[in-house]
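> Read off the chains here:
There are 2 protein chains.
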Amino acid sequence: MVKAISIGLLGLGTVGSGVVKIIENHQDKLMHQIGCPILIKKVLVKDIEKERRVSIDENLLTLNPSEILEDPEIDAVIEVMGGIELTREYLLKALANNKHIVTANKDLMALHGPELLAAASRNNCDLFYEASVAGGIPILRGLVDGLSSDRITKLMGIVNGTTNFILTKMSKNGSAYEEVLREAQELGFAEADPSSDVSGLDAARKMAILATLGFSMNIDLADVKVRGITEISEEDLKYSKKLGYTMKLIGLASRDGDKVEVSVQPALLPEGHPLAGVNNEYNAVYVYGEAVGETMFYGPGAGSLPTATAIVSDLVAVLKNLRLGVNGKSAVSPQFSKLLKKPAEIFAKYFIRIHVKDEVGVLANITLLFAEHGVGFDKILQLPLKDKDYSEIVLVTHTASLRDYECILQKLESYEMVKGIESTYRVEGENIL
Amino acid sequence: MVKAISIGLLGLGTVGSGVVKIIENHQDKLMHQIGCPILIKKVLVKDIEKERRVSIDENLLTLNPSEILEDPEIDAVIEVMGGIELTREYLLKALANNKHIVTANKDLMALHGPELLAAASRNNCDLFYEASVAGGIPILRGLVDGLSSDRITKLMGIVNGTTNFILTKMSKNGSAYEEVLREAQELGFAEADPSSDVSGLDAARKMAILATLGFSMNIDLADVKVRGITEISEEDLKYSKKLGYTMKLIGLASRDGDKVEVSVQPALLPEGHPLAGVNNEYNAVYVYGEAVGETMFYGPGAGSLPTATAIVSDLVAVLKNLRLGVNGKSAVSPQFSKLLKKPAEIFAKYFIRIHVKDEVGVLANITLLFAEHGVGFDKILQLPLKDKDYSEIVLVTHTASLRDYECILQKLESYEMVKGIESTYRVEGENIL
Chain A
1 MVKAISIGLL
11 GLGTVGSGVV
21 KIIENHQDKL
31 MHQIGCPILI
41 KKVLVKDIEK
51 ERRVSIDENL
61 LTLNPSEILE
71 DPEIDAVIEV
81 MGGIELTREY
91 LLKALANNKH
101 IVTANKDLMA
111 LHGPELLAAA
121 SRNNCDLFYE
131 ASVAGGIPIL
141 RGLVDGLSSD
151 RITKLMGIVN
161 GTTNFILTKM
171 SKNGSAYEEV
181 LREAQELGFA
191 EADPSSDVSG
201 LDAARKMAIL
211 ATLGFSMNID
221 LADVKVRGIT
231 EISEEDLKYS
241 KKLGYTMKLI
251 GLASRDGDKV
261 EVSVQPALLP
271 EGHPLAGVNN
281 EYNAVYVYGE
291 AVGETMFYGP
301 GAGSLPTATA
311 IVSDLVAVLK
321 NLRLGVNGKS
331 AVSPQFSKLL
341 KKPAEIFAKY
351 FIRIHVKDEV
361 GVLANITLLF
371 AEHGVGFDKI
381 LQLPLKDKDY
391 SEIVLVTHTA
401 SLRDYECILQ
411 KLESYEMVKG
421 IESTYRVEGE
431 NIL
Chain B
1 MVKAISIGLL
11 GLGTVGSGVV
21 KIIENHQDKL
31 MHQIGCPILI
41 KKVLVKDIEK
51 ERRVSIDENL
61 LTLNPSEILE
71 DPEIDAVIEV
81 MGGIELTREY
91 LLKALANNKH
101 IVTANKDLMA
111 LHGPELLAAA
121 SRNNCDLFYE
131 ASVAGGIPIL
141 RGLVDGLSSD
151 RITKLMGIVN
161 GTTNFILTKM
171 SKNGSAYEEV
181 LREAQELGFA
191 EADPSSDVSG
201 LDAARKMAIL
211 ATLGFSMNID
221 LADVKVRGIT
231 EISEEDLKYS
241 KKLGYTMKLI
251 GLASRDGDKV
261 EVSVQPALLP
271 EGHPLAGVNN
281 EYNAVYVYGE
291 AVGETMFYGP
301 GAGSLPTATA
311 IVSDLVAVLK
321 NLRLGVNGKS
331 AVSPQFSKLL
341 KKPAEIFAKY
351 FIRIHVKDEV
361 GVLANITLLF
371 AEHGVGFDKI
381 LQLPLKDKDY
391 SEIVLVTHTA
401 SLRDYECILQ
411 KLESYEMVKG
421 IESTYRVEGE
431 NIL
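Going line by line, the protein sequences match chains A and B. Just so we're aligned, residue 1 is where the first sequence starts under the working numbering, counting upward by one. Just so we're aligned, residue 1 is where the second sequence starts under the working numbering, counting upward by one.
Okay, chain A solo, but in the shape it has when bound (with noise of 0.2 Å):
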């Protein structure tokens, strides 16, 4: 019989419990694979009377974590405890005892990232978080691994479950979001505390990520720009879909040259593009490099099952570099430095949708005002609004600097004959197809 591999587990929650249930039901597959037995030696948990959805020997459940993380038999832990202080202490003290990590925190990684994968390769550990990005879908490996011999120029993710569910309800239905959200409550597909979900800070994190492994920089959560989704109306999503787009809040990183952006907001994507059919929970992250074009990998961005594949598959790949003894090695660590785009370097198409004063010359005032800035329109929509006395014009931009952008909306703002702006998006994804 060969000796088993001992592994200990951080938290026992959704996401652990599936990481029990994928180590029981596959240990066939995966002893072919690594040639060994994995063997879960100690769960560290909060309370070990509580209900699990997982049947595990009540034997294996400790609330010291020193169990785990001192103990010299366990050769790797499975981080699925979630929060941050706390585990980055957990995390580089199993570090500096030798254990190699695997972990699904997102949250952590893109704040203590590049601290964490440090003290990895000084003590020679592996230290994997495919399951930090698209719950199941293998992301990181198709950027670090699929793609290495390629330059990614922009990468463009939607990479939270919440509010694309969110976002595809209220399309298909008209419906507000505060409604859909409710639901989405209600169907498990939002935390009873959304915030983290429809602020946008999640996706920001996921997408700080990416761009660290996407353009071999190190990119902090503080340097992506994040616009959530709670203030969208029904009247965006319906002039949306009347010229051709499907709002998405997508995550953007795009490099130009040695200069990168990445931010976080609402956009609007031609219908025809890969992303606008990711619907509901799913997720997507569309890649570009400039050898191999366009590339797309889609799936389920959450839930028990497929994030502790992703963490289970990391686990395989922990193994056999411990069969191999090559644990450590394989982290590359960022090629550039990282400078970000100024306001002055980031271009795009905007749509924007303002009330004005019903009277002769208002149009041709706010086109003047663009055109002043060197911006021209691909498509222009007016229409009555009840509100008799106003309008309403709904514009989309041909490309234009921010700072030219943001420029035009503080004179319109300033405009007498503009009651207000209602709403303005970015359009993404037009000049690629």
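These are computed hints drawn from the structure, not numbers from a lab. Some clues are possibly wrong.
Heads up, the list lumps identical chains together, so a pair's fine if it works in one copy or across two of them.
[Said to hold, decoys possible] Capping the alpha-carbon separation at 20 Å, the derived lysine to aspartate or glutamate pairs in EDC-like fashion look like this:
| # | residue 1 | residue 2 |
| --- | --- | --- |
| 1 | Lys419 | Glu231 |
| 2 | Lys259 | Asp28 |
| 3 | Lys338 | Asp28 |
| 4 | Lys21 | Glu294 |
Bear in mind that the values here come from a model prediction, so they are computed numbers and not experimental data.
Using the hints provided, position chain B relative to the given structure of chain A.
Frame of chain A; chain B shown alone:
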């Protein structure tokens, strides 16, 4: 100065030129990852004088394969010459001389994959072939590494760009097969002799490779049932659309318990299925795993630079292994012996279009025949034909075994009231949505 790693190229056609370009243009990124420069030491060609798509020092070109296969300074060989028997000999010789191999050759891998992989393993050599399936899409890595912990139960692939281009144009414009084929040839999306594409053979080779990896079972080309696109009529596409389906040439590999089915055929997918939106020359592989659920990998299926990206990414993997001294250790031999499903074990829904005599009771008789075999219907259309003595019936069945369905087809053909079975196709992707 770190010593360069030397490689040899067999072939300098479309893909070979792409490999040379990527190694030149991305030398910095490659060097950052593998820690030393990559030097192309020799390139086997058929004609030294021929004009090339890439500028290359003529002294590197050779007509003599031994200058690559027997040069002890060459560490890895990239095979982009195509062909089968001679190529097999070359690669076996290269492996015997301890050279690692990267190949894009699906014909070779579908026929002689197991032999070549065994030879690689004996010689502690890597043999990678990501580029052989779906060009720039890192699907083999996705299956082998990304989903290593899961049990794959179904693979559906649009893995031939030529036929996908033809079917997309036929569907969009309502044009006839021959007309679109001519257009595809003019645009370079179909070869002068398109037979291996349109017959489904090319897709079958790729499915043999995908099924072998996905199911960990040696699937031979001869195990793949193949039907091409040459018989698809404009009527078939018209009715498909009317019933809410999109026609695609689908490579299908499915597993129930220990038994598998691998086939290539035109099939109808519901319009909302992720594969239904894969258009023109693009490829995609949809993977269904027990734990992960649905995932899809999308991208360019062919072309000089996309295919070369996959090759050079494989080369990076070889060279990283070389640095760690672990070449030849990553291949996992098939876990299961091959068990193919019998017709009674293959279940699907079918679309069938029949011309029948326009008489009372005909539809009743036909539906009765299906009912006698326990097969019901999802959708039924009956329409008059120009020839008023006949009418057209289009049926979509519920799930039936292939044995029952073939039996029904035989009996239908013997019915005096049936003028002819115009066409029949599998309907896929409905049970999973």
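> Please go over all the hints and tell whether each is borne out by the structure.
Here's how the hints hold up against the structure:
1. Lys419 with Glu231: For Lys419 and Glu231, only the intra-copy Cα distance (18 Å) is at most 20 Å; the inter-copy one is 61 Å.
2. Lys259 with Asp28: between (47 Å within a copy, 17 Å between copies)
3. Lys338 with Asp28: between (44 Å within a copy, 17 Å between copies)
4. Lys21 with Glu294: Intra 35 Å, inter 19 Å, cutoff 20 Å: inter-copy only.
Hint compliance for this structure: no hint is broken.
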